[in-house]
Structure formats: structure tokens, C-alpha cells
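Participant: Spelled out, the chains give:
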Amino acid sequence: MTELSKTGAAVGEPTGTSPAPTAFLEVRDLKVHFPTDDGLVKSVDGLSFQLEKGKTLGIVGESGSGKSVTSLGIMGLHTAGQYGRRKAQISGEIWLDGTELLSADPDQVRRLRGREMAMIFQDPLSALHPYFTIGHQIVEAYRVHHNVDKKVAKRRAVEMLDRVGIPQPDKRVDSYPHEFSGGMRQRAMIAMALVNNPELLIADEPTTALDVTVQAQILDLIRDLQKEFGSAVIIITHDLGVVAELSDDILVMYGGRCVERGPAEKVFYEPRHPYTWGLLGSMPRLDREQQERLIPVKGSPPSLINIPSGCAFNPRCPYADIPKDDLTRTVRPELAEVGSQHWAACHMTTEQRERIWTEEIAPKL
Amino acid sequence: MTTKRTPGRRKRAFAAVAAVAALLTTAACGGGGDDDNEGSKTGAAGYDAANNKVAQASLAKKGGTLKFGGAQDADSWDTTRGYYGFMWNFARYYSRQLVTGKTEPGKAGAELTPDLATGLAQVSDDGKTYTYTLRDGITWEDGQPITSKDVKYGIERVWAQDVLSGGPVYLKDVLDPEGEYPGPYKDTSKDKLGLKAIETPNDKTIVFKLPKANSDFEEMLALVSASPVRQDKDTKSKYGLKPFSSGPYKFESYSPGKDLTLVRNTEWKQDSDPIRKAYPDKITVQFFSDANQLDQRLISGDLDLDINQTGMSPQGRTTALKEHRANLDNPVSGYIRYAAFPQSVKPFDNEHCRKAVIYGANHVSLQTARGGPVAGGDIGTNMLPPSVPGSEGQKYDPYGLAGANKDGNAEKAKEELRACGQPDGFDTTIAVRNNKPVEVATAQSLQASLKKIGINAEIDQYDGSQTSGIIGSPANVEKKGYGIIIMGWGPDFPTVQGYGMPLWDSNYILESGNNNFALIDDPTIDGLFDDYVNELDDTRKTEIATEINHKVMEGGYYLPFVYEKFINWRSDRLANVYTTDGYSGMYDFVNLGLKSTTT
Amino acid sequence: MLAYLIRRLFAAAVMLVVIIMVVFGIFFLVPRWAGVDIATSFVGKQADPAAVEAVRQKLGLSDPIYAQVWEFFKGIFVGRTYAAGGDVTNCAAPCFGYSFRSEQAIWPVLTDRFPVTLGLALGAAVLWLIFGVAAGVLSALKRGSIWDRGAMLVALAGVSLPIYFTGLLSLAIFAFGLNWIDASYVPLEDSFSGWLGGMILPWITLAFLYAAMYARITRATMMEILGEDYIRTARAKGLKEQTVIGKHAMRSTMTPILTMLGMDLGALIGGAILTETTFNLPGLGQAVLQAIRNQDLPVILGVTLITSLAVLFANLVVDILYAVIDPRVRLA
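Residue numbers (the working numbering), protein chains in the order written: chain L, 2 to 366; chain H, 131 to 729; chain X, 24 to 355.
Accuracy of the hints is not assured; some may be wrong.
Stated by the list, open to error - Derived DSS-like pairs: lysine-lysine, alpha-carbon spacing no greater than 27 Å straight-line:
{"id": "1", "chain 1": "X", "residue 1": "K263", "chain 2": "L", "residue 2": "K88"}
{"id": "2", "chain 1": "L", "residue 1": "K172", "chain 2": "X", "residue 2": "K165"}
{"id": "3", "chain 1": "H", "residue 1": "K339", "chain 2": "H", "residue 2": "K258"}
{"id": "4", "chain 1": "L", "residue 1": "K88", "chain 2": "X", "residue 2": "K97"}
{"id": "5", "chain 1": "H", "residue 1": "K326", "chain 2": "H", "residue 2": "K339"}
{"id": "6", "chain 1": "X", "residue 1": "K97", "chain 2": "H", "residue 2": "K366"}
Said to hold, decoys possible - Label-pair restraints from in silico Cβ distances:
{"id": "7", "chain 1": "X", "residue 1": "I169", "chain 2": "L", "residue 2": "P309", "range": "36 to 44 Å"}
{"id": "8", "chain 1": "X", "residue 1": "A90", "chain 2": "H", "residue 2": "E308", "range": "30 to 38 Å"}
{"id": "9", "chain 1": "X", "residue 1": "A180", "chain 2": "H", "residue 2": "K232", "range": "53 to 61 Å"}
{"id": "10", "chain 1": "L", "residue 1": "D39", "chain 2": "X", "residue 2": "A180", "range": "31 to 39 Å"}
{"id": "11", "chain 1": "L", "residue 1": "G183", "chain 2": "X", "residue 2": "P279", "range": "48 to 56 Å"}
{"id": "12", "chain 1": "X", "residue 1": "R316", "chain 2": "H", "residue 2": "T391", "range": "16 to 24 Å"}
{"id": "13", "chain 1": "X", "residue 1": "A115", "chain 2": "H", "residue 2": "D411", "range": "34 to 42 Å"}
{"id": "14", "chain 1": "L", "residue 1": "G231", "chain 2": "X", "residue 2": "R351", "range": "52 to 60 Å"}
{"id": "15", "chain 1": "X", "residue 1": "A115", "chain 2": "H", "residue 2": "K232", "range": "44 to 52 Å"}
{"id": "16", "chain 1": "X", "residue 1": "R353", "chain 2": "L", "residue 2": "G183", "range": "17 to 25 Å"}
{"id": "17", "chain 1": "X", "residue 1": "A90", "chain 2": "H", "residue 2": "D651", "range": "35 to 43 Å"}
Hints are computed from structural coordinates only; laboratory data are not their basis.
Even for Gly, the Cβ is constructed at its ideal location relative to N, Cα and C.
Modelling step: build the complete structure from the supplied sequences, incorporating the hints.
Facilitator: So, in C-alpha cells, the structure goes:
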């Protein structure tokens, strides 16, 4: 449940009893619900994870699985600029460097946004204001957190554009977004996100709108920059291939919840959830023939208003009948450790899953 | 272009305005009626106190600013070109004539009195020579004396119709019926005074030599188109923007359609002018495009009177009658509102069919459509306005329009239809101007009562601004099948000639700009007009006028609706106010005064 | 940008020529087709054939249409001379025709009345922009609230109530009832306070109508813009909400408002007839109304052309402003 603060924004339940975490970023039981005419949309429904500085977390899932909502939740963008009567209902805890964001003063969160935590969006064309120059938008991002004059800020913008690999940055700084190519726009977007040296960088589908060749460049850039700045990075994508290259940890989301979480190589090479298998199956791989390569997950993502009972994945899961007593359809599986730092939420026994993976799935990939 | 308007939008507009009008009644006046006849607390003279009598003459003081308002500017302020009645009235401020109407109320105002001349004309026995001597001390606004040559030149300008169109051309028709003189601008003589019919033996004497006698000639000389104009000040077509004054006031500024300001002509001498009192120091006219605005300003006291003198608009009238009766007069305008039956359109070539319409119409409902007895006028029973000598008013009522048949006589109408050979009635068209709501209402009333006797009349609302092009063309009237034309007419000067000749004399049937809508071609009537213009005896003239009226009525060419009356506003500040038959029931502008000279 | 400007100017020039042709066609051909002799409406009750012929000659009614158009065009640049019956009338360049009703050249009439209409339109525009846009933005930010509903209800009333109603009502209350102001027009050069006093009611009346429309469009646009990705980006940068709304969202919201403003101002300059009539302002609208009443063709023609020019000019300004606001347009 939520209560309305004086500012009208919905904030989380009082979390006084929880001890402050030691991790740089810790999300505890995050719930983000949206009231609509059709019912309550439970976009994120109890999500927890941790992330340390210098590490990269990949959040993977289909569209509608709640991954973008999670990132916006961390940034506090569900409550900022909420106009009208229907406000997002958010509960849980988000600790960033010792500060709990959901119960913090909105203006304090605003001051953290863009400086402590920054975000790169999926479609840089629509995410950049069409009427302002690239330089202006970067300068603005810098000056809101740094009390410097425009000249200094502009030098900083040029420097950042140069750093993200935009040629002739001193000229391009005065260009408008529509005068940039897609890749250049995303580089500019990254420059804008990093202009304040944020400790946490969230990249929401940073390459989806781009050409395949440009995708790789952008991912390389993010990796290089992370090394250079030592930030914590969350990469949100529906493409396991993207996170496999970049991430230390991977979190797979389905229906607003985490279904599998663990170190990247574990999730990638020893996945223990049928949904993860499906994602791996639908992952494009350059060393395979076209027709073999894609094995899409059958069916469509679940309704977030009426999430299927039991395991949310059960209507699409080919192994739903393996656990006894119709357990899959009646009881929601909790995350259980399946290996070192590796969790998955599935009613099948670990052995059953190991067997299916090694015998049925892995050979086809 | 004949257009019919959809009434929806208008109706909404009227509804909204009516709602506002209700508010205005209270907002603008603060309530409280004034006494009826004894003058009021506010100083207004009382209801009808200035109608045919002088109100508060003794209260007029010298000085102050007299403020006119108007919904319509003059057609032209050029004395040669103006034809609107109010322009003639107002022109006496800045122009003088040899003779003019007396500055007295009612009928006396229509009688002539010398102005520039020392006396009325010395007329020769054959009625063809008129001689005048000019007064001493008469001057232009630059101090130079007004000479007989200036008078001649001013009259000659009437001949220059190609440049100075718009005004009455009686003088031209009477003095030069063959059209021999080309007008002063094409005059080859050195002094541009080539018109043979006028002689100026010296600066003080002017002699008019008529080719053919016209007993109303002196009336024509009283028109403002007979005003003197000085040749070196004649700006031709632009003269109306700043006429050179011979009267007590001169133009200070004029912006057409916006405003006009007159100030004292300091060269004018009171002792040279027997009729003009020249009370105010300054006269202003402000024009409004919305009649309601004008009425509001009158009621609120911002303005003194309406220069157009056509009566208040329906809303203003309602408010004023309720709250400010003491500021109102209800004069007869001199206009007759009527329907004419063009004989070129069948079956109106048959007098019985014409009479069927006259009998079939409900005259009370026509009167109501015109605005009722107060704002509309008394039921018209014949075609000669009460202000014209020879008129018998409602006493002459050959069809019983205000009597037995006032609600329509279907039986008599059917009888006439049978005599006409149309026992079951017929179809016809009523032509009415689309810009006069009252006329449209009248047409609808007529349509309704004709239906009862089997005459199906369709109403055609034509573009009112194109009146002379549409109904002034007999060919067009015949083509369109306009069997009934709704119109109105007022006298140019108060005689049967000044009123009826263009309407009834066959010589005035014109291809365009025709006003003899009924196409009356009756040798008897033509003969009576000939007798009239040759008759110098006033009593006999009056008799002939009566006779002409009878002949017109007997022919059944016209269905008169009302002898028009209107509600006229005068402010609390006005003094020496009276209506005059010389200007069709308007207030006589030239001698209006103010009670207080502070504004 | 320059190429864009040249293209727009060229298009405007072409449009102007087309407008002049069409207007001419309407004014001189239509009565001819309808079989009405315009000339007779110019002479008095006693139509003298010489007078009718002179009017035809002066107005050039018997010339072929192309000759009339040519004479008119020429007049604009080199002036014109009308001669008939020994009277010569000069109409100095720019000659937009000559009224033989009021014996005035049209151009001075237009230049005399244009400032009145312009003052009315601009003053009202300032008011309606301030109040309309502010109300619209507030409504969008507080959507669904009492404020929002109230504001939109008032806006609905503003859109539905005709000028002559609100105008007469305001006159009745403030000018004639409470006597707060003297609601008669005073030229600006005579007295600033007098001018202000005469203009304030027309401004408010006109602004009420337009503010209502602008509030509605602002609200709708603002709500749409607030859903844009770049607004989210602006917030993600940590910008204050007032910067997000006032700078990022407003900049985009202004685009449709500017379009409307251009059209409305253009239309008002020719079409403030109701307001000018209600308040007796000596502007173009009143001039054209009088001209229609008097069948003063040259004035109607002149005002129509000036109005078209105003609309055209307003459109041009909007196009240019567009390019200033939205850099993408410059490419188009």
C-alpha cells in the first residue's frame, strides 16, 4: 500500500526497520503498480537485487516484463512529473550509496538525477529535444549540477563529445539532433549522461534503435567508459547477446518479477529457468545458419493486470506439467539458489532442469 | 443579386441582443420614469413636447458643443450632390439659399421665407420669370461677399451630373428641359456662366427665365442644390469633403464614415441672416456602424440627437419609451409606406385584381408589422402624405382601410377577383428589400392575409443596396414577375409635384432608376400634373393635388400601409427643439440650442 | 534558412497575385453575370443617364477585366488618374483604388484605419496569449482537478458566447452601468490613457473568446508533449520541474499555438467586424461594413486586398517563426 506525501507523489512504505545496505545500489522488494481503468497494472511486483561500483548488471526480458519500469523507478521518474489523479504506486526500498530514494525528499532525488545516476534511452531521436542543439542539451545537463558559466560548460560538452567519438566536436556541438546519424545521436546521448561523471549509469536498450554495426561500437563505448569512470552500470535489454558481452551479472525478468539471477557466465552457460532457455534460443548467433538460429519463446507476454497464478510463465512453459500436483499453476515459485550466487524461480528440481538443459536445449543452441 | 438569408444565425443574434437589451434597461438608466408632459426632473421637455411645437425655446443659450450621432453618413455633404433628407436639413448650417423653409414648427416650417434674397421671388405674370435681389452683408467664410454669380454657378453645378452625381435634378429639368447646357466644367464661356436660363445683371440681382412655367419652382430654389458655390473654391467631386461655407458654421474636420466637426464661421453676420440663430459654438457628428450603440449613447447622454432622424431602433425605443418618455417625440415622417402593383406583371394589369389585394390585406396587421401606431404610424388610407398641401389624411379613405375593412374584407376581395376573371385567386411574387427587417415583416403579413383569399404570394428578398438596379428597371420587374413591390416614399419638397410626380407621371417611367413602379400611364393624371405646374394660385394648386391623389387611389395602383411615424430622441440639454414639415418631421437642426454651455 | 525564406517569399508573392485576380473576378464579374448594373446604385434617386455613364467610366466597368486588373496593378506602383466629365481625380501611388462614394483614395483610408484594427488585434492577442496559455498549462498540469474543470467550463463558455453578447454585456456593465470607463475610441497619438480606456473592453471581449480557444489547445498540446521521451530525458538530467515545463515542454507547445496565432491575427485584421461594430472602433472591419452598406466597391476591394495581405503576411511570419523554433523545418 502507498500513502500520499505532501507533494502529491507516491512514496514507499516506511522502511525504518530495514538495515542500511552495504552494496552501492540495493533494490529491495520493489513494486511499481499503475492504476488504470482496466485494473491495477503490476509492472514490477517484488524485485530485489544489488549492484556494486564498477560492476555491470544486465536486466533482460521481453517488452512488458518490467525492466524499463524498474530503471525509471530507480531514477525516480515515476513520481517526478506525475500530473493528474492517477499516480504510480511504488513501494519497497531503493538504496543508492546509503540513501533510500523512495522515502527521500523529491528535490533531493532530483539533485541526484543526472549527477549520481544517469540514464541513456532507447531512441535517441525522440529522447533528445528536437528544438535545442546537442551542445545546449549537454550544457544544460552539466550546469544544472555545476555552478559554472556557459563557456566552461560548453568546453565540457565539446570534451565529452570528443570522448564519445564524435568527429569535429567543436562544430558538431552546435548541431541539432536531426542533423546527426542514429549512432552519433546515441553517442551524444551517452556524452550527455556521462557529463557529470555519474556513479550509476542506466542504459535502457541503448542499441535497439541502431544498426547492427553501430550497436557494437556503442556497446564498446559503454564498456570503455565504464572502465574509465568506474561507474556501476545497469544495461537493460531484451537481447541476451548484448548483456553477455558487457555484464558481470544478469537478471532475467518475466511478468514484473525476477525469474533468474546470477553471474553472467552462469546464466549464459548454465541457465536454470525455462524462460532463460527460451531467450537463449531466440538469441541471434553469427555462427549458426539462419533457420536454426531463432527458436522464439512461444505465446505472448502475460497480462500485468491478471498475472497467471502459480508460475507466471506457466502458460508458455513446455515443462509446466513436470512438477507434481499442478504446482506450476497454483503456487508461485520463489527464487532459490541453484549455484554459487545463482538463483532461479522454478518448481522443477535442479536436477530436472540440469538434465533438460544439457540434453534438450544446449545441443540445439 | 437576389439573396435569401437563412434566419437561424440572425435569430440567435436577436435573442442575445434582446437579453442584453433587458440588462441595458436597468443598467443604463438606473430606473425611474420621467413625467409625461410637464417636463422632467432631468430637464427633458416632455413626451411629444417638440412635435409640431417649440420646446424650451427660452432656455437656449449661446455657446457649447452640440453633439450629433448617426448610423449613416450623408451620401455627400456637397450641396449639389446630397439627397438624404437629413443632409438637406444639416446643410443649412454651412450653406444658404435664396429662399428656404421657415424656422418654425410643423406646417409653417414648409413655407418659404427669404434667406440670401431680400424677399420671395417677383414672379412675372406668365410664371416664367423669377427675380431676386440679394441682401447686403452676406459673406463667404473668407469674408468675401456672396454674389448673384456665385448663386448661378452653384446652380449650374447641377448640370455636371457626370461629375456631381447623386443630388436632385429638378432645377436642370425645369430650367433646361432639352439639356442644352453642358454644365460648368464643360462650359466654353470664359466665366463658366453659360447657362442661358439664369441671368445676373449685377452682383445683387439674379433672374431665372423658365422655358415653361412651374408653380413649384421656388420650392426647387429652396433645395440645398440651389446653394451658391464659389468657382475658385469648387473642388468638383471632392467639394463634399470640405464645402466652402456661406452659413454660420464651417467645416473644421471631416473623416467620411467616422466624424464631422463644424465650428463657427466668424465671417457670417447675424444681421445678414433673418433665420439662423446659430446658438452652439461647435457642432460634432460621430458615426456608428451599429444603431444600438448609437441609441445607448443617446440614452446615456453622451450625444444630443440622431442626425439621421429615422427613429430609434426597436430595442432603444423600448427602453426609451419605458424610462425616458420625456425625451421623446413621435412625429409623422412624411413618408408613406406602401405596396405598388406593376401593371406589366399579370394579372395586375387588371384593376380588379389590384383592388382584390387592397381589400384582402389586413391593414391592422400591416400596421403592426410596421411597428404599431406609435413606432409605425397611422394606417395609410391614401397616397398623399399629411404634410403635403391637398392631403386629407385619413378623412379620404376610399377603400375603408382604416375603417370598415381595416381587418381585411375577404368577401369584397373575392368579388374583385371574380370581376378580374381570377375567382380562385392567382400566384404572384412580392419583392422586398432584404436589408429592411420591417419591410420583410410587412411582406410576410401581406402574404398571410392574401393566402386567405386564394392569392399565393412568394416573397423574394432582393439585395437592398441594389434597389434602383433591381426594381428600378421595369424590364427586370417584368422578367422576375414582381406583382407586388414593397417600398416607401417621402417628398423632396412638400408639394404634390415634389412627392408624386416621379411616382405617378408617365413621363417619369424610366428604363433604369424608375420610381413609377406601378407604371401608371394615365393621361388624366399627366394632365393634372401639367395643370398643377402651370397653376400659380395656391388654393387651386391644393385642389389639383387632392384630385391627383383621388385619381391614383381610384386606379388601385397602390396599397398604402401607414403614414409613417417614428420615435425621435432629444437629449436633456437641447433647447429650442421642434419638428418641421419642411424636413419631413425631423427636428429643425439649424436653430437647435443648448441649455448649458458647459459639457 | 535563406533558401527556405526565399521559397516562402516566392510562394507568398504568387499567392498575392492569385488573390488579387480572384478578388477582382468576384467584384467585377459576379454582378455582371447576375445582370445588375452597379453603376445605377451610385447615382441618386433621380438617375441621370450622364451620371450613370460617368460612373461606368470612372470605375472602368466597361473595360475588359484584364484591363481593369492591369490598371489596378499599375495604380499600386505609379498611381492613377481618374477622369470623367471635366473632373480629374489623382490617386497617388500606392493607389489601391478610389472611392467615388466618399471621394477618397482608398490607401489613406486603409492606413488611417489599419492601426486601429492592428491595435485591437495585437492588444487582444497579448491578453489571450497570457491568459489562455497560462490557463491551458495549469489545466494540463492539474488535469482532472476542480481548477481544470472550472477553467475548461469557462473556456467552453468563451468559445460559445458570441462577441456581440459579451461585448454589449461588458459595455452595459462597465461603460454605461458602473461608468468606470469612457468606452469611446481615442487615437493613440491623442491620449494614451484615453486610447487604453477605449480599447480595454474590446480587448477583453475579444481576448475572452480567443483565450478560451487557446486554453483548450494549450491544454491538449501540453498533455501530449508531457508524454514525449525528451521530457523524460529532461527530468532524467535532474532539471527542475519548472525548467522541464517552462522551457522544454513550452517550447514544443508553442508551435501549434503560433500557427493559430498567425491565422487568428491575420483573420482578425480583416474580420474584427463584430468587435469594431459593437464598440464603434474606426477600424478596417467597420470600414468594410460601411462600404458594403454603401455598395462602395473600391473600398471593399481595397480592404479585401489589405486583409488578404495581412493574412498572407501573418502566414509568412508564422512560417519564419516556425523555422526559428523548429530547426527541422529549415530543411523542408
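Participant: The structure should be examined with respect to each hint, and the outcome stated for every one.
Facilitator: The hints, checked one at a time:
A C-alpha spacing of about 19 Å is found between K263 (chain X) and K88 (chain L), which places the hinted pair at or below 27 Å, so the restraint holds. A hinted pair counts as satisfied when its Cα atoms are at most 27 Å apart, and K172 (chain L) with K165 (chain X) does not qualify at roughly 42 Å. Between K339 (chain H) and K258 (chain H) the CA atoms are separated by roughly 6 Å; this keeps the pair inside 27 Å, and the hint holds. Pair hint K88 (chain L) plus K97 (chain X) does not hold up; C-alpha atoms about 67 Å apart against a cutoff of 27 Å.
A C-alpha spacing of about 8 Å is found between K326 (chain H) and K339 (chain H), which places the hinted pair at or below 27 Å, so the restraint holds. Proximity of K97 (chain X) to K366 (chain H) is assessed by CA-CA distance (about 25 Å); at most 27 Å being required, the pair is judged to hold. Separation of I169 (chain X) from P309 (chain L) is about 41 Å and conforms to the stated range, judged on CB atoms against 36 to 44 Å. Taking 30 to 38 Å as the suggested C-beta distance range, the pair A90 (chain X) and E308 (chain H) conforms, at roughly 36 Å.
Between A180 (chain X) and K232 (chain H) the Cβ separation comes to about 58 Å, which falls inside the hinted range of 53 to 61 Å. For the hinted restraint 31 to 39 Å between D39 (chain L) and A180 (chain X), the CB-CB distance of approximately 34 Å keeps it satisfied. Taken as a hint, the range 48 to 56 Å is violated for the pair G183 (chain L) and P279 (chain X), whose Cβ atoms sit roughly 27 Å apart. Our hint of 16 to 24 Å for R316 (chain X) and T391 (chain H) holds, since their Cβ atoms are close to 23 Å apart.
Range check, A115 (chain X) to D411 (chain H): Cβ separation about 36 Å, and the 34 to 42 Å hint holds. In this structure, G231 (chain L) and R351 (chain X) break the distance hint of 52 to 60 Å, their C-beta atoms being roughly 38 Å apart. The hint said 44 to 52 Å for the Cβ distance between A115 (chain X) and K232 (chain H), and at roughly 47 Å that hint holds. Our hint of 17 to 25 Å for R353 (chain X) and G183 (chain L) holds, since their Cβ atoms are close to 21 Å apart.
For the pair A90 (chain X) and D651 (chain H), the supplied restraint of 35 to 43 Å holds, since their beta-carbon distance comes to about 42 Å.
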